[in-house]
Amino acid sequence: MFDGRYAARVLQLQGGQASSAAAQPVELPKQSVDEPETQAASRSNEAALQLLTLLQREGRFVDFVQQDLASFADADIGAAARVVHEGCRRALRSHAKVVSVRSEAEGSPLTLERASEDVKLVGNVAGSAPFRGVLRHKGWRVEELTLPTVVGTHDSRLVAPAELELP
Amino acid sequence: MSAKFVVGIDLGTTHSALAVADLGDTDARVSVLEIEQLVAAGAVAKRALLPSFLYFAHESEPALSLPWDSERRFCVGEFARSRGAEAPQRVISSAKSWLSYGGVDRRAGTLPLGAPEDIEKISPVETSFRFLDHLNEAFRAARPGDGDLSAQEVVLTVPASFDAGARDLTVEAALAAGFEQVTLLEEPQAALYAWIEHNGDAWRSHLRAGDRVLVIDIGGGTTDFSLIDAVEQDGSLGLSRVAVGDHILLGGDNMDLALAHVVGQALAEQGKELDRFQLGALAHACRAGKEKLLSDASLEQVAVVLPSRGSQLLGGSIRGELRREQVERYLLDGFFPAVAATELPKARPRAGLTQVGLPYASDPAITKHLAAFLARHAFADAAGGATDARPPTAILFNGGVLKADILRARVIDTLNGWLEQRGSAKARVLPGEDLDLAVARGAAYYGLVRHGRGLRIRGGTARAYYVGIESPMPALPGLEPPVFALCVAPFGMEEGTSAALPPQELFVVVGEPVTFRFFGSSTRRSDAAGSVLERWRPGELEELPKIELILPAAGRSAGDVVAVHLQASVTAIGTLKLEAIAQTPLVADERWQIELSVRHGSSGEA
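Residue numbers (my numbering), protein chains in the order written: chain A, 1 to 167; chain B, 1 to 606.
Read the hints as simulated data drawn from the structure, not as lab findings.
The beta carbon of each residue, even a glycine, is placed where N, CA and C say it ideally should be.
Hints may contain errors.
To be verified - Facing chain B, from chain A, some residues (calculated, C-beta under 8 Å):
| no. | residue |
| --- | --- |
| 1 | PHE2 |
| 2 | TYR6 |
| 3 | VAL10 |
| 4 | SER42 |
| 5 | ASN45 |
| 6 | PHE64 |
| 7 | LEU69 |
| 8 | PHE72 |
| 9 | ILE77 |
| 10 | LYS120 |
| 11 | GLY152 |
If we strip away everything but chain A, and leave its shape as in the complex, we get (with noise of 0.2 Å):
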C-alpha cells in the first residue's frame, strides 16, 4: 500500500546511521494523465463540471434541482432549501469571491455617466449618457474562482457517484 521509505528509515534510524541519502527529496513519480484529444473546449467543460460537483457535493444542488418539487410542502422546501443554501453558498464561498457590481442600494436613484457592460438599461432605453434611473439589482461579479486541480484519472463528469452500503 506504501512505499518503502518509511520502513527504510527507520531500518536506518535504528542502525544509529543519519543517512543524509535517505533524506535527499526521492523523484516522485510524475503525473500520467492521459490528455484528451479536445483541448480549450474540454477545459472549460470541466471547470463548469467541477463547479457542478462542489454544488452538488456541499449543497445536493444536482438532488434538488432534478426532484419535482410540486407535490411537496412549502415546508418540506423550506427544510430541503437550508441544506442547499447552507452548502450551495460555502461551496461559493470557499472557492469564489463574489462582490457587487454597484454598492448603492437597491430602489436608490442612480446617473450613469456613461454607457458600460457593468450596468445593463432596462425599460425606456432610449437617449444617450448621461442616463438616469433607479438601480433595480446591483450586479454580482466573479473576482476571483479557485477551483480544486483535476489531478488522475478521475472521470468529471460524475458530478455524483452512485452509492452502494455494503452491510
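With chain A held as given, fit chain B onto it using these hints.
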C-alpha cells in the same frame, strides 16, 4: 547545510498547520503556508489546515493521486476525513493521541483499529510520519526553489503534557521524514510566541514582571494548560514556563458529538431513527448550528437538517432543531460548568467500555480539570501544591473551540470567581490572534528566536523523572516489594544540559534486557538527581511506560553484573536522554543509551 527557512509545524490531533519564516531576512515575518491536499475524489486544493486523517484506498477505488504522485493508495487531509466518514474502518484519526498512549506498542501496526484484512495496519509513529511527509511534499510543491524540509530548520510542536517517551516518538517520526534539524516546542508556549509575534514590541507593555500567564489550549481532541511567568531577567522582562497540566483527551469534537446526541435523541422521540451516517452528518450540522448560535446572540434556535441519503432531497430529509438553551445547557454546563475551585474532576476509570481504546477523560468538565491544574500549581493550600504557588494574572486562549465568546466568557468568569474568593486580583485576557493557526505561527517565530531574534521562554523540562527501584526489604509472600523512586532528571532541565550523576548504583546483568519502572512528576520541582522518594502523595507521581536497558556483552562475559549510574540529559532537539554510565568502565567513558519507549512484547518488525 545551513537552512534558509525556519518552518513551524503544528502536528495536531485533528488538524496540522505549517508556517514559514525566512532566516535570511532580518525583518522576517511569519507566514502560513497553505497545504495542497486531496479535497475530493480527483480534486486537489490548498488549505490552511491539513486534517489529521489518513485514509486507505480500497481496491475498488482508483488511485488517490496527487500532483506529485499519481499512484498513491492512501491520502491524508480533507478527503481522508470526508471519505473516512463513509468508510470508517479504513481511516486513522487521532493518531497523536495514540502516540502519547503508553497502553499500546506505539511502533507496532495497530491502526486503523478494526481495519479490514486488506489493510496493512501501521503504527502511531508511522501515521505521524505520513502527516509530516505530506507536509514536506506540499512544501516542496509550493516552493520548488526552496528544496526540502530536510534542509530547513523545523520546529515541531507537542502538547506540554507529552511525556519524554511521546516526545521521543514524535522526533522519531520527524527523523523518518528526513527532518534532520528538528526541535520540539510545547504548544502552549508556541501560542504565547504567536501572541508576542502578533503584538511586536508592544507585547512588553501588556505584561509586567510578576505576571503569571495561564495558557488554556482547547483543540479538537485535547485540552492543555500551562503557566508561564513574566520575570525580571538581567534588567528586562523574561518569560519562564513554570507548570504544565496533564494530558486530557477532551476537546471540541466531544462537544459536537454531545450536541448531536441531544438532537438525535429528540428526533428519536419523534420516531425518526438515525443510522450511523446520519449521526455523523448530524455532528457536522450541530457544529455549524452551534457556531451560528454562539456567534449571534439574537438567535433562539437554528434548524438542523439532515439531508436524505438518496437523491430525493425533498421528503427524505430530516429536520431537527438546536436551541440556544440546549447549547448553553450541554456545552456550558456540561463542558464548562461554573464550579467551585475545589471541585475536581471525577477520576472514574471507564471499565468495560472498549477492549483497546484511548484513555479519554472520564469527566467532561473542562473547568474542573482547570481547577485541578490550578490546585496543584497555583493555589498553594491544595494537596501536592507546588512551592512557588501563585494565582494567574493573565489568560491566553488558544484552539478553535475558544473562538466562541460565551465559552471564553464562562472560563474567565469561573476563573475570576475563584481568584476573587481567594482575595486575588482578577486575571485579564491577552487578546490572541487566529486561534487555529497560532501554534504553527508561534513555532516558526520560535525558530527565529533561536537565532537571537526575540525573547526566549525559559523553563526546561516540564517534569521531573524517576526510576523505580525495589527497596532492599525481605520479600514477603504475596506482597510486591515496595518501590522507591530515584530521581534521575530534576524538573526544569534546559536543552543541552545534563543532570548531576546520582550517587546510587544500579546493577545490570550483561546481555539481558533490564526494565525499570519509570515515573514523571509535574509537581515535585525541588528533587535533585539522586533524591530517593520512599513515599509520595497520590497523583504526585505518574507512572510512565517502562524503560529498558541492555548492556551488550562486548568485552564482558555474559551473566556478569555491572554497576552503573543513570544520567539524564536534555538534547538540543528537546528530548530526554537517559544513559547508564559504567562505574568501573572497561574503556574510557563507557555508557549505554536507555530506551524510553520500550517495544511491547515480541511484536516483530517495527
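A quick look at each hint next to the structure:
no., hint, in the structure
1, PHE2, "holds (7 Å)"
2, TYR6, "holds (5 Å)"
3, VAL10, "holds (6 Å)"
4, SER42, "violated (15 Å)"
5, ASN45, "violated (15 Å)"
6, PHE64, "holds (5 Å)"
7, LEU69, "holds (7 Å)"
8, PHE72, "holds (5 Å)"
9, ILE77, "holds (6 Å)"
10, LYS120, "violated (33 Å)"
11, GLY152, "holds (3 Å)"
Consistency note: the structure conflicts with the earlier hints numbered 4, 5, 10.
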